[in-house]
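Protein chains: 2
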Amino acid sequence: MSLTIYGDSMSGNCLKVKWTADKLGLAYDWVEVDVVNGQTRTDAFRTLNPAAQVPTVVLADGRPLAQSNAIIWHLAEGSELISSDAYLRAKTLEWLFWEQYSHEPYIAVRRFQKFYLNTPEADIDPKLRVRGEAALARMETWLAGSPYLVDSRLSLADISLVAYTRVAPEGGFDLAKFPGVAAWVKRVEQDLGLS
Amino acid sequence: MSLTIYGDSMSGNCLKVKWTADKLGLAYDWVEVDVVNGQTRTDAFRTLNPAAQVPTVVLADGRPLAQSNAIIWHLAEGSELISSDAYLRAKTLEWLFWEQYSHEPYIAVRRFQKFYLNTPEADIDPKLRVRGEAALARMETWLAGSPYLVDSRLSLADISLVAYTRVAPEGGFDLAKFPGVAAWVKRVEQDLGLS
Numbered sequence: 001m002s003l004t005i006y007g008d009s010m011s012g013n014c015l016k017v018k019w020t021a022d023k024l025g026l027a028y029d030w031v032e033v034d035v036v037n038g039q040t041r042t043d044a045f046r047t048l049n050p051a052a053q054v055p056t057v058v059l060a061d062g063r064p065l066a067q068s069n070a071i072i073w074h075l076a077e078g079s080e081l082i083s084s085d086a087y088l089r090a091k092t093l094e095w096l097f098w099e100q101y102s103h104e105p106y107i108a109v110r111r112f113q114k115f116y117l118n119t120p121e122a123d124i125d126p127k128l129r130v131r132g133e134a135a136l137a138r139m140e141t142w143l144a145g146s147p148y149l150v151d152s153r154l155s156l157a158d159i160s161l162v163a164y165t166r167v168a169p170e171g172g173f174d175l176a177k178f179p180g181v182a183a184w185v186k187r188v189e190q191d192l193g194l195s
Numbered sequence: 001m002s003l004t005i006y007g008d009s010m011s012g013n014c015l016k017v018k019w020t021a022d023k024l025g026l027a028y029d030w031v032e033v034d035v036v037n038g039q040t041r042t043d044a045f046r047t048l049n050p051a052a053q054v055p056t057v058v059l060a061d062g063r064p065l066a067q068s069n070a071i072i073w074h075l076a077e078g079s080e081l082i083s084s085d086a087y088l089r090a091k092t093l094e095w096l097f098w099e100q101y102s103h104e105p106y107i108a109v110r111r112f113q114k115f116y117l118n119t120p121e122a123d124i125d126p127k128l129r130v131r132g133e134a135a136l137a138r139m140e141t142w143l144a145g146s147p148y149l150v151d152s153r154l155s156l157a158d159i160s161l162v163a164y165t166r167v168a169p170e171g172g173f174d175l176a177k178f179p180g181v182a183a184w185v186k187r188v189e190q191d192l193g194l195s
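As you go down the protein sequences, you meet chains G and X in turn.
Take the first sequence: its position 50, counting from 1, is numbered 50 in the working numbering, and each next residue is one higher.
Take the second sequence: its position 12, counting from 1, is numbered 12 in the working numbering, and each next residue is one higher.
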């Protein structure tokens, strides 16, 4: 049995797992799970992941694992996508935790509301734009001095952060205001064979 | 030079770092940073952490690191607080990411609004209670079958999750409704020498 990825193709969190597996050359089965239509809230799915979230993977030995950044860390451990230097490993994790706390809840959520739910601008919480732009500004500052988020080559931090940054315009964020981020998105997309 | 922890003693995210360092017997200097009074938003602090958040640590070699769960992972790497089994390591990370995405933003935020800002109940977003209780319910289900979150002994997952769970009552959450969680809080507090 090989790796099985339960994911929703609209979800950047799920695509992170696919891209990491592809970059590492891992064989896997992709099982499409439609979040909007409640397919994560079935009893069968909750057996795999009680938190009822995608992505969830079932490893080759049959054991389940959840949380996008925990999954990609597990898959990439020992590969060139995670530095072998202890400090750079920690900085990679720092970006992954920052992504889930200070980036995804604003950029991914605004994109979901605007692009998938067609929520009118006036009904979207203004703090999603303010905090999303703050996240992009923080990345812009970093990327002014470095081609990638950790060290000078592609790492899990780039894979994790690019997932929702590349679709930020679908959430109404203008990447032209963040040229360093826009250039980094293109660089990472090319590294991942997405462009 | 030893480890320096920049933290706010009211913040569970900062206390995680202190408890991990204490449990590991690491020497450190604690520098109190008052978040409510803007001490993270100074230029000097932003040099350490552009995200202007505590905890931030400066390692013995002078390099800074942020994000509570990335910091405790870095400090505890190679210790008994992280399993040496690859799958259990991944499950530990799964809990850490879940904590920052599905637990802290509801339980810690409601506690901050209620306990520190004295926000009237009627002005607190109702979803903080709903999602905070969902997080506690998920922990209750797990802890019905296990004394700790990973394996059968204390790990970083327990240290990370106990930080805001133990003060959930300050946010108006009734732990009597989650007896398995309440018993686990006591167990972890005892392990950490907090009770």
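Among the hints, erroneous ones may be present.
Stated by the list, open to error - 20 Å max Cα-Cα, derived DMTMM-like pairs, lysine to aspartate or glutamate:
| hint | chain 1 | residue 1 | chain 2 | residue 2 |
| --- | --- | --- | --- | --- |
| 1 | G | 186 | G | 22 |
| 2 | G | 127 | X | 174 |
| 3 | X | 127 | G | 125 |
| 4 | G | 177 | G | 123 |
| 5 | G | 127 | X | 123 |
| 6 | X | 177 | X | 140 |
| 7 | X | 127 | G | 140 |
| 8 | X | 177 | X | 191 |
| 9 | G | 18 | G | 191 |
Everything labelled a hint here was simulated from the structure, so no lab data went into it.
Going down the list of hints, with the structure as the test:
1. G:186 <-> G:22: holds, 18 Å
2. G:127 <-> X:174: Cα-Cα ~29 Å, so violated.
3. X:127 <-> G:125: holds, 14 Å
4. G:177 <-> G:123: violated, 24 Å
5. G:127 <-> X:123: holds, 17 Å
6. X:177 <-> X:140: holds, 9 Å
7. X:127 <-> G:140: Between residue 127 (chain X) and residue 140 (chain G) the Cα gap is close to 32 Å, so the pair fails against 20 Å, i.e. violated.
8. X:177 <-> X:191: violated, 23 Å
9. G:18 <-> G:191: holds, 14 Å
Violated hints, in rising order: 2, 4, 7 and 8; the structure is consistent with all others.
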